[in-house]
Amino acid sequence: MLKYLFNFVIFPGFLFTACFGLMACWIDRKVTSRIQWRVGPPWYQPFMDLVKLSIKEIIVPRTASKELFFLSPMLGLSAATLVSMLVWLVNIDPGSKGFSGDIIVIVYLLTIPAIAVILGASASGNPLASLGASREIKMVMAYELPFIISLIVPIIKSHGLLRLNEIINYQVANGPFITSLSGIIAFIVMIFCIQAKLGLVPFDASEAETEIMGGTFIEYSGMLLAIFKLTKTMLMVVLPLFLITLFWQGFSFLSLWKYVIILVIIILIRNTNPRVRIDQAVRFFWGKMTLLAVLAVLLAVKGL
Amino acid sequence: MNFKLKALTKSIWVYHMSTGSCNNCDIEIIDMLTPRFDAERFGITLVGSVRHADAIPVTGSLNLKAVPRIKQVYEQAAKPCVVIAIGTCSCGQGIFKNGPNCPNPVDSLLPVDIYIPGCPPKPEAMIAGIMKLIEKLKGNITIPTA
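Here the protein sequences line up with chains A and X, keeping their order. Residue numbering for the first sequence follows the working numbering, starting at 1 and increasing by one per position. Residue numbering for the second sequence follows the working numbering, starting at 1001 and increasing by one per position.
Calculated from the structure, these hints are not laboratory results. What you are looking at is a predicted structure, and each value in this text was computed from that prediction instead of being measured. A hint or two may mislead.
To be verified - Here are the simulated DSS-like pairs of lysine-lysine, each with C-alpha atoms no more than 27 Å apart in a straight line: (1) X:K1065 to A:K229; (2) A:K30 to X:K1071; (3) A:K30 to X:K1132; (4) A:K97 to A:K3.
Stated by the list, open to error - Covered stretches of chain X, as calculated for chain A (at least 3 residues, CB under 8 Å): (5) 1002-1008; (6) 1050-1061; (7) 1107-1117.
Beta carbons are placed, not taken as given, at the ideal position from N, Cα and C, and that holds for glycine.
Okay, chain X solo, but in the shape it has when bound (with noise of 0.2 Å):
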């Protein structure tokens, strides 16, 4: 197999963005990284700074504020990363589909690598989540895209 990209899905450190979430899709993330799902198993561990990130977990409805911000986080991570849309205001805008002030979804601003739909998911979906972006990432599986 090639090394290069076992590397690259054995050690995805993770940089957590919200972008005007209502906190319960955050919380649930900080559960995935409790002992008692263990996601550092799967060497995956949550870091301080964009730059050192491998998946931005991108949470909320994507209000106007936050999209000039979401694209410099994005732009200023290392590449190869990966963007994991997490909950169901960033895979499809929920609630606030015909809301004012959230007119773009995730997916028209950055390349959105795998859904993870939920109000909130649990951190159970979160794991299996990432673990079929893995096997995308290795060619194993093909996600029909939206």
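Chain A on its own, in the form it takes in the complex (with noise of 0.2 Å):
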């Protein structure tokens, strides 16, 4: 009980992950202002960000419903930790087997963060957030599909193995999937799933500041905005990891290079496009994303 607490809290759960993920969105940043030829924030930046939101007044609008604006933020960090713990602890506690089916509570956990970001938004009761929840309902929608479709592809490629411990003993034992064709294909539309999960630029039209004023998150201000933002961060370290564990033989510590590849291509992606319209994401999404999902699918079962 006491180390399930541990784990939740401390080492691979909440703290940890959360150092890593503001060290990661510290790269995040620091690559980006390099791309534009400037120097870019210390390396302390994303700490100061957080303490410095947490010392900040809170203000609860009149219009909104306060219950749900001061639970969303919470709800959205614990299923972010929950799955956090359950990613790191398959990839680096040998001793942990994981149970049958973990894939499928992580994709629905994986959901919770956005869900909550809706909730939040609705219960400000201001228009312009209103319609960032909007923009974020259609933007689950349209991701959801091909990230769904291009998870059964390990599934089929390891003959029906529904837990990820199982997975990665079976990349172990057989080489990865990135190196084959059915894998690689479903890998790149999982990173542009996970690039839309995060909220990155491409794909940031419910919290667009330049035109609905920050969207979702207009009426949050000090700690609750901060729990939004740890949110984001920790998804910034689970959502590579998840995808490292289903396609490139799990993540340990010796592997970094695994996350940081990944976590670059993220970055370029999202300095080097414009924002998409949202009519225009859900045709990516639905359109070409979810036909090459099916193709990677059909090359599974063909055994490519």
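Dock chain one against chain two, each of which comes alone in its own frame, and use the hints as you go.
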């Protein structure tokens, strides 16, 4: 019992993933600023942002639904913590076997932060926030379809294993799935899906700062905004890690370069693309990406 | 040093408020955030919503239409929040001193923390002014009040 609590709060769970994620966030900002030919913030900048936000005042709008406004950031953070604990433990703790079907549990848990953002935005009673919430709903519906279809590829290739631990062991024995044709197609689709899950630039229509003034987060201030930002940074660790687990033989601290490669790909996509409209994003995910994912599934069934 | 104060001064998020300016100061504020001057070195970022802001740079001569709006914007900001008067118009009304449309100086309505004069002030001047404001908040220097 105490071990689970330790796992949840300190080591692979909340504290460790948060620190790891804040460093990843710094790498994101630093690489972005080097691409834009400037110096960029010092390494402790994300920590300072978080501390500053948490000591500021929390303003609750008069039209807001108070309970939901306070609870939805906690909902998102707890889901992100739980999923980070599950994914880390499968990868770095050899004693942890996971449980059958944990891949499905993780897919459900990864949806909860987006739902928390939607709930919080619609609870805040701001018209621009409700606009952002409606865009976020459309975005969730758009990216979940190719995400789940391409998730089927590693399950087919490992002959129906639903346990992340067994999928890693299968890859260690038979080579990573990313080296096969269907694996690389599904991996590319997944990269675009996690870009949308993280709400980074080509797909950040729901929190467009220049257009709807922060969108879903417009009424959030202080500690609650800090919790939302922390959830985003934790997902920035968990989603690439989940991808490595599914396609790339799993993660250990010696193979940190795998994580860095995926992170840099995400940052480069972010920095070289303009924001797409929500209808363009839905068309992109339900059209090209879903077709690619179905193609990958067919190839996987053929054994390629 | 006080850790709270360090966190507050190391990560200043800016929400830009124009009260009827000629847009020169606004363009210079945007210039301050460009790669040449790179205000993100000091943690200064432009944010979309006033709820996230730590500093409100006010530009313009504050005409009558803008008076209730700027009050509302300041009340909606999460405190602690500083107000920076940028440009001659918002520092001392400039050429609109006797104008019928702009009877209120900015500092008669809001607690202005620092004045950055100029028409428009250069980005270097703004960065220098914000650095002086940080020193003032830390208590290292005292700036004589107007």
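*Count residues of the region 1002-1008 of chain X with a Cβ under 8 Å from any Cβ of chain A, then say if the count reaches three.*
Contact hint for the region 1002-1008 of chain X vs chain A: holds, 5 residues under 8 Å.
*Sort out whether K3 (chain A) lies within 27 Å of K97 (chain A), counting only the CA atoms.*
holds (15 Å)
*Could you grab the alpha-carbon distance between K30 (chain A) and K1071 (chain X) and see if it respects the 27 Å cut-off?*
Violated. K30 (chain A) to K1071 (chain X) sits at ~37 Å, over the 27 Å cutoff.
*Take a quick look at whether K1065 (chain X) and K229 (chain A) sit within 27 Å of each other, Cα to Cα.*
violated (36 Å)
_Pair hint K30 (chain A) and K1132 (chain X), alpha-carbon separation not exceeding 27 Å_ = holds (26 Å)
*chain A over the region 1107-1117 of chain X, status - at least 3 residues with CB closer than 8 Å*: With 0 residues in contact (Cβ-Cβ under 8 Å with chain A), the coverage given for the region 1107-1117 of chain X is violated.
*Are at least 3 residues of the region 1050-1061 of chain X within less than 8 Å of chain A when you compare beta carbons?*
holds (count 3)
Checked against the numbered hints above, the structure breaks hints 1, 2 and 7 and satisfies the rest.
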